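All chains, full assembly: derive it from the sequences and hints.
In the order they appear, the protein sequences are chains A and B. Counted from 1, the first sequence has number 1 at position 1 by the numbering used here; the numbering is strictly sequential. Counted from 1, the second sequence has number 728 at position 728 by the numbering used here; the numbering is strictly sequential.
The hints are simulated quantities; they were obtained by calculation from the structure and are not laboratory data. Honestly, I wouldn't trust all of these hints.
Coverage of chain B stretches by chain A, computed from C-beta distances (three or more under 8 angstroms per stretch; other residues unrestricted) [stated by the list, open to error]:
1. 73 to 82
2. 144 to 150
3. 168 to 176
These numbers were taken from a predicted model, which means no experiment stands behind them. Just so you know, even glycine gets a beta-carbon here, dropped at the ideal spot from N, CA and C.
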Amino acid sequence: MVALVYLIPAALLLGGFGLACFLWALRTGQFEDLDGAAWRALHDAHDDRLNDEERR
Amino acid sequence: MALQASLDPTAIDAGCCSIGGLAAPASRAGTGADPRAYVVVGDDGTARLDAVVETLDCPSCVPSIEGVLGRLDGMLAARVNAGQRRIHLEWDPARLDLDRILGALDGLGHRIAAYDAARLGGREVDEVGRGLLRALAVAGFAFANVMLVSVAVWAGLAQDMGPGTRAFLHWVSALIALPAIVYAGRPFFGSALAALRSGTTNMDVPIAIGVSLATGMSLLETTRNGPHVFFDAALGLLFFLLIGRFLDRSLRGRAFAAAQNLLALRAVSAVVIGRDRRTEVRAIDAVRPGDLVAVAVGETVPVDGRVAAGRSDVDAALVTGESLPQPVAPGTVVHAGTVNLTAPIEVETAAAGSGTLLAEIAAMMDRAGQAKARYVRLADRISRIYAPVIHALALAAFAGWMALGGADWRHALMISVAVLIVTCPCALGLAVPAVQVGAVGRLLKRGAYVKSGDALERLARADTVVFDKTGTLTLGRPRLEGIDDADCVGDSGEVLAVAAALARRSTHPLARALAAAAGDGPAADDVREEPGCGLEAVLSGVRVRLGRRDWVGGATAATPHAGPEIWLRRGDAPAVRLRFVDAPRPDAAEVVAGLQARGLRVVLLSGDGRAVVDDLADRIGIDERRAECLPGDKIAVLERLAAEGRRVAMVGDGLNDAPALAAAFVSLSPATAADVSQTAADLVFRGDSLAPVLEALDVARRADMLVRQNVGLALAYNLVAVPLAVAGLVTPLIAAVVMSASSLAVTGNALRVQRGR
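Here you go:
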């Protein structure tokens, strides 16, 4: 039963981390436009890995 | 740069965007206000503009718009919201001019309608939805963790968990659950309090009582080290109910955004001519009676007034329902919302903004719309019976156990809490929105846009369908029906070719129909358009006129024709008549027959003449028809039908239909309809086909059936669970299992609305 002392906080911490991530995503407007993001990913201008040379 | 465009994956999509853009000018709706009036310059010198991109038909346009605008020098941010069809722009006005931005958008085939972000509001609405999502997230987190602990306790009950460990786990549950319940329960507590204060009850009252009693009792049991706590049940209840609440909210939010877009499109600006003949663009609110307004060809007249200079034809279809353009000359009265077709005119303003016919019709709509506001949603109707029954049951269980069972008050209260939890209306809170979201999504894929869940409920109960004629049963576009050459002037193919050569130079609807009937061919040179009369040209030395009978001259008597007609005269030869009809939608007869087969009464109401209406009604099989109806007459007919106890679904498109659309039990409108009518309608459908009306009715009826099944399912669960709860046999484990199982069962059943036929 001693295991509970660290297992319960561990469970709460992990769950709380997920909750915090979700609330952060909500606050930064990640759910405002669910369709646009999928298409935006196809656009080179938003791909930081490409340098100017490759983009041309 | 060119290479970049070809490598750009979005270049492929540009095709579909420009098609949307090209198609757009053909629509008769106004083009919205001049964006300049809505640019906001902040303290930091940044210019900002919010606008609706109504031509944004494919989400794939998003990267191409953002890419092109982002490359403009001085553009700070260009963000498109594909779901709401809106764009937010920020730029440095010192380096970039709005015209260049609009030019770039135009190049992609997009037009924008700017709006005042502060005045349209909507932030609060979004905020409510986000608040629900936050509450849902917190409830979900707490529910999962409390369940984790509860399972351990349940396992411990079967084995031999010591009372110390159990008490510890109960305290852990309480510490997680209490703040979460307080936070996630606010939407329900608030609504229940408001209802109780106004002396009524709603679905939230038993929820609020159940949750607070369960929490309070559980806390008491925890402090007394009792064997059973209900924290998990209370949280589970909130979690499932919040899902339903959120689904319902997002359905309303989407409808609200669409209504706002329509409002933005309706805002227009006017070009005012000053004393010194200098022109100035003004927002419509700033136009005063007496101002002279210039209206170019193809533009919407922004004000009510009299023509001061110029002759032209105006398309008043959206205002009066009259499908043919009317000639106007100095002195003629024109209304806001009509479209100027053939030549520029100047209009002396009689009324603008709230004084116009448009605004009067909007006011008439508000009055008529009150009938709709009286509709009580199915869930609320059930809750009116359900809530008192639950309260009575819980109270009876408490009293019964105290008086007859000889239990102490704690035990009796625990049993009545179990009754409240088990009977809590999860199914009603979750399954109704789940079905409706599914049904609305399915209709959206078929080209029909439903604005609210209760619109579906009302549509399912409709037993009479009233159609408007022009633009609804018909396409609102004339089509060449035949050529009457009584004097054998030439063969009809040649007559058509000559007429079409002239017609290709005009934008008049009849000319367009003629050109469409003739197909591709050469256009005549030096065609002169006489507004209100017709077209004239000289072909191989012969003067040719195409237009009104008295202007063309040389017409012989002809049998009367119900639809529009124009005459062609070459030189001094007798004139030839070209007859047109407003073609019915391709599947109009089929849909009308389908509606009748489903037991609905079909009525046709039209502002057109008797002969035209009779002709169409006979062709598509409607027996009940009324011609020459004014907007007020249409409302009167609807009210008489309502007094007979009929629930009327009105299908119409014109501005003149808008009050009737608002007055009807449920209303539908094609996407080509006037903005006001689309705002008034519960459902808007796209395309030339009328089939979405039938599809919507079928889906609505199916959704209605599934909702009723769900309510039945929930009641069946209660039939088993309530006697157990009253008998005192429901432990927290059983409560949690019953609640989750019934919630999952009704959600699963709700998903069936997406499938089938």
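Results for each hint:
no. : hint       : result
1   : 73 to 82   : holds (count 3)
2   : 144 to 150 : holds (count 4)
3   : 168 to 176 : holds (count 4)
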